[in-house]
Amino acid sequence: MDWKNYMKYFTNNQNLKVNMGYTSWRKKIRVIFFLGILGILGTSLLCLNFGVVSIQPRVIFSILSHRSAESTNYLIIWQLRIPRIIMAILAGIALSTVGAAFQGILRNPLADPYILGVSAGAALGACIGIALEYISGYYLTFYLPLFSFLGAIFSLFLVYKSSKVSLSEGSSGLLLGGVAITFLFSALITILLAFSKSELHSMLFWLMGDLSTASWNKISIIVLPVLLGCFLIFFSSLDLNALALGEEEALHLGVNTSKLRVRIFITGSLIIASVVSFTGIIGFVGLIIPHITRLLVGPDHRIMLPASAFLGAIFLILCDTLARFIIAPTEIPIGAITASIGAPLFIYLLKRGYQ
Amino acid sequence: MPINNNILTLKEIDFSYNHQHKTLSNINFNVARGEFWGIIGPNGSGKTTLLKIISGILKPNKGRVFFQNQDLNNLSRGEIAKLISLVPQDTWVSFNFKVKEIVFMGRLPYIARWKGETLEDYRISKEAMEKTQSLPLAEKNIFHISGGERQRVFLAKALAQTPKLLLLDEFASHLDLNYQYEMLKLLKNALKDEGLTIISVFHDLNLASISSHRLLLLKEGKIEKVGIPEEVLTSENLQRVYGMKPILIKHPKSQVPQILL
Amino acid sequence: MFTFKKYIFLFTLTIFLVFYSSHLFSLAAQIDYPLIVADDTGISVTIESEPQRIISAAPNNTEILFALGLGDKVVGVTNYDNYPEEVNLIEKIGEMSPLNLEKIVALKPDLILTFAIFQLKEIERLRELGFKVLDIEPVTLEDTLERMKMIARVCGIPKQGEIIVGGLLQRVEIIKTKVAQIDSSRRPKIFIGGTHEIIYTPGANTLFDELISLAGGENIARVFSGWIKINPELVAEKAPDIIIVPVGVMNPGDQSRIKEDISKRPGWSNIPAIKNQKIFIVNEDLFYRPGPRLVDGLEKLYEIFYQ
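Residue numbers (my numbering), protein chains in the order written: chain A, 1 to 355; chain B, 356 to 616; chain C, 617 to 923.
Incorrect hints may appear among the rest.
To be verified - The list that follows gives simulated cross-link-like pairs (lysine-lysine, DSBU-like), each with its CA atoms no further than 30 Å apart: (1) 417(B) to 437(B); (2) 161(A) to 470(B); (3) 470(B) to 27(A); (4) 259(A) to 519(B); (5) 417(B) to 486(B); (6) 724(C) to 708(C); (7) 259(A) to 540(B); (8) 453(B) to 27(A); (9) 377(B) to 259(A); (10) 27(A) to 486(B); (11) 540(B) to 161(A); (12) 28(A) to 495(B); (13) 414(B) to 27(A); (14) 218(A) to 708(C); (15) 259(A) to 414(B); (16) 805(C) to 854(C); (17) 164(A) to 540(B); (18) 486(B) to 547(B); (19) 28(A) to 547(B); (20) 259(A) to 470(B); (21) 724(C) to 765(C); (22) 414(B) to 366(B); (23) 470(B) to 28(A); (24) 894(C) to 218(A); (25) 164(A) to 495(B); (26) 775(C) to 218(A); (27) 27(A) to 495(B); (28) 28(A) to 580(B); (29) 377(B) to 453(B); (30) 792(C) to 805(C); (31) 495(B) to 351(A); (32) 453(B) to 28(A); (33) 854(C) to 891(C); (34) 543(B) to 259(A); (35) 259(A) to 486(B); (36) 845(C) to 765(C).
What the hints assert, rightly or not - Anything over 10 Å on all C-beta distances counts as not near chain B; from chain A, calculated: (37) 25; (38) 35; (39) 195; (40) 235.
Simulated from the structure, these hints should not be mistaken for lab results. No residue lacks a Cβ here, since even glycine has one placed at the ideal position from N, Cα and C.
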C-alpha cells in the first residue's frame with residue numbers, strides 16, 4: 001500500500017477508530033530496538049570503566065577513538081574488555097531469545113535454553129575434550145569448542161530421536177527426551193569428573209560459565225549463528241503466540257505445530273550449542289529474563305522476543321562486570337553471579353503472583 | 356457423492372485412538388449450509404472426537420470428510436483454518452495476553468509471516484468483538500476475566516477467523532444461565548448475519564433442543580439418530596441411549612421437546 | 617689538593633672498575649638472545665631478550681625463581697604464593713585459574729611462567745596477545761631440576777642455574793648413598809594420608825611417591841598409579857609403619873588434633889604406625905610443589921624414616 005493510498009484509507013476510517021488502540025506492532029518494535037541498542041551501548045561504555053586495572057574514562061575515550069598509543073591500556077581495552085563485553089552481549093541475546101522461545105513452544109514457564117539437553121551434550125563434549133588433553137598430553141585447547149559443539153549436536157540428535165519414540169502428543173515428547181538426555185549426560189559427566197582429579201578445576205569452571213578468554217576470533221565465529229538464528233526465531237513470533245492458546249487451538253489457527261516445534265528446537269539448540277561451546281554453561285539468564293520481559297512489555301512474542309534479547313544482553317554485561325570486579329583480581333564464575341541475582345529475582349516474581 | 360448444497364459431508368468415518376476400541380464407527384451424515392447442528396450423547400460417546408474429525412486435526416482411520424466437496428485430507432492446515440474455526444471447551448491460555456490480542460490471533464491464517472498484518476485484520480478483529488459484545492473487555496488481561504466472558508472472547512476469535520463453518524465444544528457447560536442465553540443469541544445472530552454454518556457439541560439436551568435445527572445423537576461411537584429435535588428426542592431413543600425414560604414436554608414458546616427428569 | 621698520587625689511584629681504580637664490570641657483563645651475558653625454547657605445551661617460544669619482568673602463575677615457579685636468585689625480577693604472583701616471605705610484597709595476580717588476564721597484561725611482563733594444564737586456555741590467549749608464556753610441568757624430581765636449569769638459561773643465568781641445581785643434586789646424592797646402604801628389609805612402610813574424611817593418597821608416578829622411594833621408604837599405595845582415593849580397610853591391611861600427614865592449603869586441618877583423629881580412625885588401631893605413634897605432620901608445600909624445596913622434603917622424609 002503506498003503512502004498516499006494509506007493516508008486516504010486511514011483518514012476515511014478515522015471516524016470508525018479502526019486502530020482502536022491496536023498500536024502498530026511495527027511502531028513498538030522500533031521503540032524497543034531504539035531503547036535496546038541505546039541500553040546496550042550505554043551499559044557497555046559504563047562497564048568498560050570497570051576492571052582490575054583502573055583506567056580513567058578520559059583515557060578510555062582516547063583509546064576508543066584510536067588516539068592513544070599507550071599500548072598496555074590499549075591492549076586491555078581492545079583485546080580484553082571489549083571482547084568480553086561483546087561476548088556477553090551475544091551470549092545474553094542467545095540465551096534470552098532461546099529461553100523465551102522454548103518457554104513458548106513447551107508452554108512451560110520453567111523452561112530454559114538447556115531444557116532440551118543441549119547443555120548436557122555441550123558440557124559432556126567439553127569435559128571429554130579436557131580429559132583427552134590430559135591423557136594424550138596434546139594441545140587441544142584450540143579444539144575444545146569443537147568438542148563441545150559436537151557434544152551438543154549429538155545430544156540434540158538423541159533428544160530428537162527419543163521424542164519420536166515418545167507416544168505422548170505435542171511438546172511433552174521433546175521435553176521428556178530433553179530431561180532424559182540431560183540426566184544421562186549429567187551422570188556421564190559426574191563419572192568423568194570422579195576419574196579426573198587434576199582437570200577437575202577447569203571442567204568445573206567451564207560448567208559454571210566463563211567469559212574470561214573472549215577474543216575477537218571467537219566472536220567472529222559465533223556472531224553469525226547467534227544473530228541469524230535469533231532473527232529466524234523472531235519470525236516465528238506469531239506462531240508462538242498461537243501456541244500459547246494450546247496445541248489444538250494453534251492447529252485450528254492453521255499453525256503447523258510439529259514443524260514449528262522442530263524449527264524452534266533445532267534453531268534454538270544450534271544457537272545455544274555455538275554459544276555454550278565458547279562460554280560454558282551460564283545459567284538463569286534464559287530462565288529469568290523472558291519472565292521479566294513479559295512483565296514489562298507483555299506476552300506478544302513479536303515484541304517480547306527482541307526485548308528479551310536486549311534485556312539479556314544488558315543483564316549479562318552487568319553480571320560479567322560484577323564477576324570480574326567485585327573481588328578482583330580473583331574472578332567469580334559468571335554462572336554464580338547470574339544465579340545469585342537470578343534466583344532471588346525469580347522467587348520475588350513467583351511471590352508477586354507471577355502471571 | 357455429496358450434494359452441492361451440503362457444506363459438510365462425513366462418509367463412513369471410523370476412528371480409534373488406540374487399536375483396541377473404536378471411538379467412532381460408520382459415521383455418515385451431511386450438513387447443509389446455514390444449519391445449526393447439535394451433537395449430543397452420553398459421556399464417552401465420541402462427541403468431542405467427532406468434532407476434531409470434522410475440524411481436521413484428527414484423521415479418520417477409515418472414510419473421508421468432505422468440506423464444500425473437497426476432501427479435508429487434501430487441504431493444508433492453513434487452508435482449513437480459513438474455512439473452519441473452533442471454540443474450545445477449555446479456554447486455557449499460558450500467558451496473560453490482552454483480550455484484543457487473543458481475538459487478533461484469529462486472523463493468523465490470513466497473515467503472511469514476513470509481511471505482517473494489515474489494517475483490514477484489525478478491523479475484522481474489532482468487528483468480531485462488537486458482534487460478541489466483548490469490545491468493553493478489549494484492554495483487559497485474559498487471566499482477569501470470568502469464564503463466561505472468556506467464552507465470548509474465544510467466540511470473537513473464532514469469528515475473526517471469518518470461517519464458513521463454526522464448531523463449538525460444549526460452550527455452555529461452564530456458564531451461568533444468563534451467559535448461556537447470551538451465547539445462544541450471539542450464535543443465532545452469527546448464523547443469520549454471516550451466513551455461517553454451526554455445529555456444536557452439547558451436554559445439555561434442552562439447550563441442544565432449543566438451539567439446533569438438527570440433532571445428531573451418538574451412542575458408543577455410532578449414530579443412534581439424526582434429524583430434527585422432535586425426531587431425535589423421543590423417550591424410546593433416550594431410553595436406548597441413556598438407559599432411563601424421562602418426561603418430555605413441549606417448550607411453551609418454540610414447541611421443541613424439552614426433557615424433565 | 618689534587619696530587620699525583622691521588623691521580624694514579626683514581627686511574628687504577630677506574631681501570632679496575634672497567635675490567636671488573638666487563639667481567640660482570642660477560643658473566644651476565646652468557647646467553648645469546650633471541651633464544652628459542654620448547655615448553656611443556658610442546659610449543660617453541662622465542663625469548664627476545666633477558667626477561668626483566670616475570671610473572672609466576674604458580675607457587676612452585678615462584679620458588680624456583682627465587683631459588684635462582686631472580687626474585688627481584690618477579691612482578692606478579694598468585695594468591696597461593698607463600699614462600700619465601702618476600703612474595704608477600706609482590707603484587708598478586710589472583711587465582712591460578714582462571715588467570716586474570718587484565719591484571720597480567722597491566723603488569724607488562726616479558727615472561728610468564730605457568731604450571732598446570734588448567735591454565736591452557738589463558739596460555740593460548742596470552743600468546744595470542746603476544747606475550748611470552750612458558751608452561752612448566754615437571755613430573756619427577758629430575759624433571760623439576762631440569763626445568764630449573766631451563767628457566768635459568770631463559771633468564772640469562774645458565775651458569776648460576778647449573779651451580780644451584782648442582783647443589784640440589786648433591787644433596788639428593790647424599791640421601792641416595794645413605795639409603796643404598798640400608799637393607800631393603802629394613803625399609804619402613806609408609807602411608808601418606810590427608811586430613812580429609814575421604815583419603816587421597818599418592819600412588820606411583822607422583823612426586824610424593826618418588827620422594828618416598830628416594831628417602832628409603834616403601835609407599836603402601838605404590839601398586840596404584842597417580843593420586844587415588846584409597847579404601848581405609850586397605851590401609852589397615854597393609855599395616856604401614858609410619859604415617860605422613862601433609863598439611864596446608866590442600867589439606868586443611870587443626871594440627872593439634874590431627875594425630876588424635878587419625879589414631880581414632882575405625883579399624884586402624886592395630887596399625888604399627890598408630891600403635892607406635894609414628895604419625896608425622898609435614899608441610900604439604902614441600903611435597904606438592906615441583907621446585908627446589910622438594911629436596912628439603914626429601915631430607916625431611918629421610919629424617920623421619922631413619923632418625
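Hints and how they fare:
no. : hint             : verdict
1   : 417(B) to 437(B) : holds, 25 Å
2   : 161(A) to 470(B) : violated, 34 Å
3   : 470(B) to 27(A)  : holds, 15 Å
4   : 259(A) to 519(B) : holds, 26 Å
5   : 417(B) to 486(B) : violated, 39 Å
6   : 724(C) to 708(C) : holds, 14 Å
7   : 259(A) to 540(B) : violated, 39 Å
8   : 453(B) to 27(A)  : holds, 18 Å
9   : 377(B) to 259(A) : holds, 29 Å
10  : 27(A) to 486(B)  : holds, 28 Å
11  : 540(B) to 161(A) : violated, 50 Å
12  : 28(A) to 495(B)  : holds, 19 Å
13  : 414(B) to 27(A)  : violated, 42 Å
14  : 218(A) to 708(C) : holds, 28 Å
15  : 259(A) to 414(B) : holds, 18 Å
16  : 805(C) to 854(C) : holds, 8 Å
17  : 164(A) to 540(B) : violated, 45 Å
18  : 486(B) to 547(B) : holds, 12 Å
19  : 28(A) to 547(B)  : violated, 39 Å
20  : 259(A) to 470(B) : holds, 20 Å
21  : 724(C) to 765(C) : holds, 25 Å
22  : 414(B) to 366(B) : holds, 13 Å
23  : 470(B) to 28(A)  : holds, 16 Å
24  : 894(C) to 218(A) : violated, 56 Å
25  : 164(A) to 495(B) : violated, 39 Å
26  : 775(C) to 218(A) : violated, 43 Å
27  : 27(A) to 495(B)  : holds, 21 Å
28  : 28(A) to 580(B)  : violated, 55 Å
29  : 377(B) to 453(B) : violated, 41 Å
30  : 792(C) to 805(C) : holds, 18 Å
31  : 495(B) to 351(A) : holds, 22 Å
32  : 453(B) to 28(A)  : holds, 16 Å
33  : 854(C) to 891(C) : holds, 14 Å
34  : 543(B) to 259(A) : violated, 37 Å
35  : 259(A) to 486(B) : violated, 34 Å
36  : 845(C) to 765(C) : violated, 34 Å
37  : 25               : violated, 7 Å
38  : 35               : holds, 21 Å
39  : 195              : holds, 43 Å
40  : 235              : violated, 6 Å
The structure fails to meet hints 2, 5, 7, 11, 13, 17, 19, 24, 25, 26, 28, 29, 34, 35, 36, 37 and 40 from the earlier list, while all remaining hints are met.
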